[in-house]
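Engineer: Each chain, letter by letter, is given below.
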Amino acid sequence: MDLEFQDIRKSFGPKTVLDGVSFRARSGEALGLLGRNGAGKTTSIRILMDVFPADGGRVLADGAPIDHSRVSMGYLPEERGLYPKKKIGEQLVYFARLNGMSKTAAAEAVDTWLDRLGMTEYRDKRLDTLSKGNQQKIQLITALAHDPDVIILDEPFSGLDPVNAMLLKDVVKEELARGKTVLFSSHQMSYIEEFCHSIAILRGGRIVLAGQLHDIKRDYPRDRLVIRSEQADAIAAAFPDVCVRRENGELLLRLPSPEAKGQTMKALTERFDIDELRVFEPSLNDIFVEYAGDQEQGGEKA
Amino acid sequence: MKQFGVILRFELGNYLKNKVFVGVTVFLVLALGVLLFFPRIAGLFKDGGDETAEAEDRPVMLLDVSDADEDTLLDAFSAAFPDYEVRAGDAADIEAQIADGTAECAFALEGLGSYTYYVEDLSLYDMNTDIADQVLGQMYRLGAMTAGGLTPEQAADILSFQPEYTVETLGADQGQNFFYTYIMIFALYMVILLYGQMVANSVATEKSSRAMELLITSAKPVSMMFGKVIAACLAGLFQLVCVFGAALLFYRLNRAAWGDNPLMGALFDMPPALLGYMLLYFVLGFFLYAFLFGAVGSTATKLEDINTSVMPIMLVFIAGFMVVVFAMSSGTVNSTVMKVCSYVPFTSPMAMFTRIAMSTVSWVEIALSALILAASVFGVGVLAARIYRVGVLLYGASPKLRDILRSLRRA
Numbered sequence: 033m034d035l036e037f038q039d040i041r042k043s044f045g046p047k048t049v050l051d052g053v054s055f056r057a058r059s060g061e062a063l064g065l066l067g068r069n070g071a072g073k074t075t076s077i078r079i080l081m082d083v084f085p086a087d088g089g090r091v092l093a094d095g096a097p098i099d100h101s102r103v104s105m106g107y108l109p110e111e112r113g114l115y116p117k118k119k120i121g122e123q124l125v126y127f128a129r130l131n132g133m134s135k136t137a138a139a140e141a142v143d144t145w146l147d148r149l150g151m152t153e154y155r156d157k158r159l160d161t162l163s164k165g166n167q168q169k170i171q172l173i174t175a176l177a178h179d180p181d182v183i184i185l186d187e188p189f190s191g192l193d194p195v196n197a198m199l200l201k202d203v204v205k206e207e208l209a210r211g212k213t214v215l216f217s218s219h220q221m222s223y224i225e226e227f228c229h230s231i232a233i234l235r236g237g238r239i240v241l242a243g244q245l246h247d248i249k250r251d252y253p254r255d256r257l258v259i260r261s262e263q264a265d266a267i268a269a270a271f272p273d274v275c276v277r278r279e280n281g282e283l284l285l286r287l288p289s290p291e292a293k294g295q296t297m298k299a300l301t302e303r304f305d306i307d308e309l310r311v312f313e314p315s316l317n318d319i320f321v322e323y324a325g326d327q328e329q330g331g332e333k334a
Numbered sequence: 053m054k055q056f057g058v059i060l061r062f063e064l065g066n067y068l069k070n071k072v073f074v075g076v077t078v079f080l081v082l083a084l085g086v087l088l089f090f091p092r093i094a095g096l097f098k099d100g101g102d103e104t105a106e107a108e109d110r111p112v113m114l115l116d117v118s119d120a121d122e123d124t125l126l127d128a129f130s131a132a133f134p135d136y137e138v139r140a141g142d143a144a145d146i147e148a149q150i151a152d153g154t155a156e157c158a159f160a161l162e163g164l165g166s167y168t169y170y171v172e173d174l175s176l177y178d179m180n181t182d183i184a185d186q187v188l189g190q191m192y193r194l195g196a197m198t199a200g201g202l203t204p205e206q207a208a209d210i211l212s213f214q215p216e217y218t219v220e221t222l223g224a225d226q227g228q229n230f231f232y233t234y235i236m237i238f239a240l241y242m243v244i245l246l247y248g249q250m251v252a253n254s255v256a257t258e259k260s261s262r263a264m265e266l267l268i269t270s271a272k273p274v275s276m277m278f279g280k281v282i283a284a285c286l287a288g289l290f291q292l293v294c295v296f297g298a299a300l301l302f303y304r305l306n307r308a309a310w311g312d313n314p315l316m317g318a319l320f321d322m323p324p325a326l327l328g329y330m331l332l333y334f335v336l337g338f339f340l341y342a343f344l345f346g347a348v349g350s351t352a353t354k355l356e357d358i359n360t361s362v363m364p365i366m367l368v369f370i371a372g373f374m375v376v377v378f379a380m381s382s383g384t385v386n387s388t389v390m391k392v393c394s395y396v397p398f399t400s401p402m403a404m405f406t407r408i409a410m411s412t413v414s415w416v417e418i419a420l421s422a423l424i425l426a427a428s429v430f431g432v433g434v435l436a437a438r439i440y441r442v443g444v445l446l447y448g449a450s451p452k453l454r455d456i457l458r459s460l461r462r463a
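Quick note, the sequences are listed as chains V and U, same order. All letters in the first sequence, in the order written, are residues 33 to 334 by my numbering. All letters in the second sequence, in the order written, are residues 53 to 463 by my numbering.
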């Protein structure tokens, strides 16, 4: 199902939380919804899930205004929490039934998912007897058991060990392959880069950057060079003010314009012993910091 | 609607599977069983002949008589105090005997006109001096009459004159219905308060455990609120029916053993229509308060906050209860205060029910009161659902009333 936010606005009292937010997520693709704390991600998600209406703008599903009674959604909230004192199987069935499943279908789906995530043995245990990671897997089932069209995952990897993180990645990839639309919100950029075809970066209630990730990266100005060399100090001294040393020991050299890169590369290889030389392509982390950060952080970036 | 059914079943299951809920219900039923089967059980162990043993167990009352007429006075006191074993005592050691427990109380007479009453702890309900006054007054008058020329028989006749009368109750007999009304009002009070609190706690628990994040996106707030309140109402009703039903059943089974114990008669001889009124006012009153409790629960962030935030509701409710109980015990159930209270929705469940039970109220008044209450339940329900909708998403410090009202206007 294709989802589209069109110019969504929302204020709480005098505070404007969303100020004309537009983005789209395509069926079978994951959209990374990014932004710093308080940027408006949770509000966007709640509007999408009809917890409260938007003040203005439209949410479209496959091009038509969304009908919340027809579109089923699964949600893994950032603030995790279920009933701590209740048996796991019981509450999972309850949540699946709240999302419209019949009793038998819900029980069946819950069993399937418990098995898929290797949690069958905990079916009759109380939730508060489980470790944090396992509770998280249980919470994930509440988002998936009713086979929703749209899956919203808010910080799904926090608290998972690498094995469980791998399991979750596999599950998300399976769901994407089945044509589900996944909305992904995380501060762990490596996961977003791994999954998301598109991203939308929110800042202060506005979208500051949206589109397909590889387009964004390609369109990034190609005016910086990454240099790995034993003579890094000498290179840095030769290009004062425009050369920065990165944490991994590489040098980042800012050029006056993208066109200058051929000439500069030639000059560098002639003058110094270079191990590696390439045009800098920003990671999502760099992009995020540049767009979502405030002015000061933007300045510190390069 | 389907969602509401799922929520209702889930919430009701929470009560019925709760060990405390089941335990308390079973305990109450068992306790009632023991209490009401008591005369029958006690009868099994009694083999006649115990009467004398009982007589010896009576507390001792000492009588110190200064003049010679000791035997007459001893007889008169023995007759007037059947619960005591009246013995002659000596002024010298009365206090010592009471102190060491051999005697419970003592009268030191100085003629018929004056006496000192000795007792260890004077109970609030100690009527002994009143009885002694009567005995002594009677004897004084008897003496005076015989001295005046009447025979002792004539004098006794005159003194024992008692007019005969019968009472024809056209309305309600408050002596008869006081007990069951009191018990029903008390049950109403307990159940509304307990289950109302449970609704508030259950909402606040969902909020503090963050299960709310998921619930609010899966279910309509109105379904959640109504599911909870109706489940609590059914659970409370179930418990009431169990306890009252068991009491009634056990009494029926043991009616013969209880004989015509006046207290039991006063407790169980209630008109069936009254049970209907109780159900009506219980359900309406319960909804009114449970909605409020639910709304308050939704504004609390931590469970600890609940206790302070439900305070205003509790105060209104307890004040209503006090007014009703005071009116009942002073016999003024139709006072102006009670009449006003029986129309104010927050007090009418208890006030109007008491008036119906203990006096005669026209059906117009009952209908009006029930109608006002039902309309208020509807209004409060709508308001509570809106507060709930806003409240469950507010985290952090408990919001002020002003903030809630402000966000209500926006919601």
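Just so you know, the hints here were simulated from the structure itself, not pulled from any lab data. Accuracy of the hints is not assured; some may be wrong.
[What the hints assert, rightly or not] Residues of chain U placed beyond 10 Å of chain V at every Cβ, according to the derived structure:
{"#": "1", "residue": "F62"}
{"#": "2", "residue": "R193"}
{"#": "3", "residue": "Q206"}
{"#": "4", "residue": "E258"}
{"#": "5", "residue": "T269"}
{"#": "6", "residue": "G383"}
{"#": "7", "residue": "T388"}
{"#": "8", "residue": "F430"}
[What the hints assert, rightly or not] Stretch by stretch, here's where chain V covers chain U in the computed footprint (C-beta under 8 Å, at least three residues):
{"#": "9", "segment": "55-61"}
{"#": "10", "segment": "235-243"}
Every residue, glycine too, gets a C-beta built ideally from N, C-alpha and C.
Engineer: Indicate, hint by hint, whether the structure satisfies it.
Structural biologist: Structure-based check of all given hints:
1. At roughly 5 Å, the least C-beta separation between F62 of chain U and chain V is not larger than 10 Å, which violates its mark as non-interface.
2. Interface exclusion of R193 of chain U from chain V stands, the closest Cβ pair being 75 Å apart, more than 10 Å.
3. Every beta carbon of chain V lies more than 10 Å from that of Q206 of chain U, the smallest distance being close to 82 Å; the non-interface claim holds.
4. Once the 10 Å rule is applied to beta carbons, E258 of chain U is inconsistent with being away from chain V; the minimum gap is 8 Å.
5. Here T269 of chain U does not stay apart from chain V, with its beta-carbon only about 4 Å from theirs, under the 10 Å limit.
6. Even its closest Cβ contact with chain V, about 49 Å, leaves G383 of chain U beyond 10 Å, as expected for a residue assigned away from the interface.
7. For T388 of chain U, the shortest C-beta to C-beta distance to chain V comes to about 45 Å, beyond the 10 Å cut-off, and the non-interface label holds.
8. Non-interface status of F430 of chain U relative to chain V is upheld: no Cβ of that chain comes within 10 Å, the nearest being about 24 Å off.
9. Check on the segment 55-61 of chain U: 3 of its residues sit with their Cβ under 8 Å from a Cβ of chain V, so the three-residue criterion for coverage holds.
10. Counting residues of the segment 235-243 of chain U whose CB lies closer than 8 Å to any CB of chain V gives 0, which falls below the minimum of 3, so the coverage claim is violated.
Violation of the numbered hints given earlier is confined to hints 1, 4, 5, 10; the remaining hints are satisfied by the structure.
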